[in-house]
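Participant: Go by the hints and put chain B onto chain A.
Spelled out, the chains give:
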Amino acid sequence: EAQVTQNPRYLITVTGKKLTVTCSQNMNHEYMSWYRQDPGLGLRQIYYSMNVEVTDKGDVPEGYKVSRKEKRNFPLILESPSPNQTSLYFCASSFTGNPSYEQYFGPGTRLTVT
Amino acid sequence: DAKTTQPNSMESNEEEPVHLPCNHSTISGTDYIHWYRQLPSQGPEYVIHGLTSNVNNRMASLAIAEDRKSSTLILHRATLRDAAVYYCILRDGETSNYQLIWGAGTKLIIKP
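Those protein sequence lines, which keep their order, are chains A and B. Sequential numbering of the first sequence, starting at 1, is according to the working numbering. Sequential numbering of the second sequence, starting at 1, is according to the working numbering.
Read the hints as simulated data drawn from the structure, not as lab findings. One or more of the hints may lead you astray.
To be verified - Restraint-style ranges between C-beta atoms, simulated for each label pair:
hint, chain 1, residue 1, chain 2, residue 2, range
1, A, K18, B, H19, 30 to 38 Å
2, A, D38, B, N57, 26 to 34 Å
3, A, K69, B, P21, 25 to 33 Å
4, B, E66, A, M27, 30 to 38 Å
5, B, S41, A, L41, 13 to 21 Å
6, B, S53, A, T114, 45 to 53 Å
7, B, S53, A, L11, 43 to 51 Å
8, B, S53, A, T5, 28 to 36 Å
What the hints assert, rightly or not - Some chain A residues flagged as far from chain B (calculated, every beta-carbon gap over 10 Å):
hint, residue
9, N7
10, G16
11, S33
12, G58
13, Y64
14, P83
15, Q103
Treat the numbers as computed from the prediction; the structure is a model and nothing was measured. The beta-carbon is built from N, C-alpha and C at its ideal position, and this holds for glycine as well.
Pulled out of the complex, with its shape left as it was, chain A reads as follows:
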């Protein structure tokens, strides 16, 4: 089944403790992206990747890092999480970044930083 998977689905952590949220897709997609969703603010892009070893900042990249060493994986790294990073996170992938292609989303990771 074609899908985007994220792990963990739920995470409660403390301020400053490094964490990684994994994202993997099995559709051989070139383009991958991370979004966060907050009440009243909608979905905002954190980082995106056009292909392996090519990443760029979205609208809200502060406090996050990403890497794209393999085509299928695009982990989101929070080096020193803070409470304002409490949010619902979604990973997405697309065949390419071309706007004529649809994006496929993962099920989400709900992160709470205390």
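Facilitator: Quick look at chain B alone, frame taken from chain A:
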């Protein structure tokens, strides 16, 4: 990316057609019109997209106005499973910014 305007919420009866409107008066010639929906506690799901012509797929139809300043997502026979927030999004076909710019969307309520 150009902005879109959608009603905050709409109600419909089960098994009736639903027409979800979207205004995008500042759309450019290269902007694609995308629709996604988000069911409660799930990730967004692609519904349909188009550029100039009307589009049909297994989930819905997309009717695009001749001047492209508005569009309508049509669910032909709504079920309770279609209750979700529906987002109308414009994606620029020319710039290098490939992100989806999300608005507030329309919350669709389906009454049994």
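Participant: Each hint needs a verdict: does it hold in this structure or not?
Facilitator: Results of checking the hints against the structure:
A hinted range of 30 to 38 Å for the beta carbons of A/K18 and B/H19 is inconsistent with their spacing of about 48 Å. One distance hint, 26 to 34 Å for the beta-carbon pair A/D38 and B/N57, holds here, with the actual separation near 30 Å. At roughly 44 Å, the beta carbons of A/K69 and B/P21 sit outside the given window of 25 to 33 Å. The given range of 30 to 38 Å is respected by B/E66 and A/M27, whose C-beta atoms sit roughly 35 Å from each other.
Range check, B/S41 to A/L41: about 18 Å between beta-carbon atoms, so the 13 to 21 Å window is met. In this structure the supplied range 45 to 53 Å holds for B/S53 paired with A/T114, their Cβ-Cβ distance being about 51 Å. Checking the proposed 43 to 51 Å range against B/S53 and A/L11 shows it holds: the Cβ atoms sit about 44 Å from each other. Between B/S53 and A/T5 the beta carbons are some 35 Å apart, a value that agrees with the proposed interval 28 to 36 Å.
At roughly 14 Å, the least C-beta separation between A/N7 and chain B is larger than 10 Å, which holds for a residue marked as non-interface. No beta-carbon of chain B is positioned within 10 Å of the beta-carbon of A/G16; the least distance is around 28 Å. Look at A/S33: its CB is around 7 Å from the nearest CB on chain B, not clear of 10 Å, so calling it non-interface is violated. Not every CB of chain B lies more than 10 Å from the CB of A/G58, the least distance being 6 Å, so the non-interface label is violated.
For A/Y64, the condition that its CB be more than 10 Å from all CB atoms of chain B holds, with the nearest at approximately 15 Å. Chain B leaves A/P83 outside its interface by the beta-carbon criterion, the shortest separation being 23 Å against a cut-off of 10 Å. For A/Q103, the shortest C-beta to C-beta distance to chain B comes to about 7 Å, within the 10 Å cut-off, and the non-interface label is violated.
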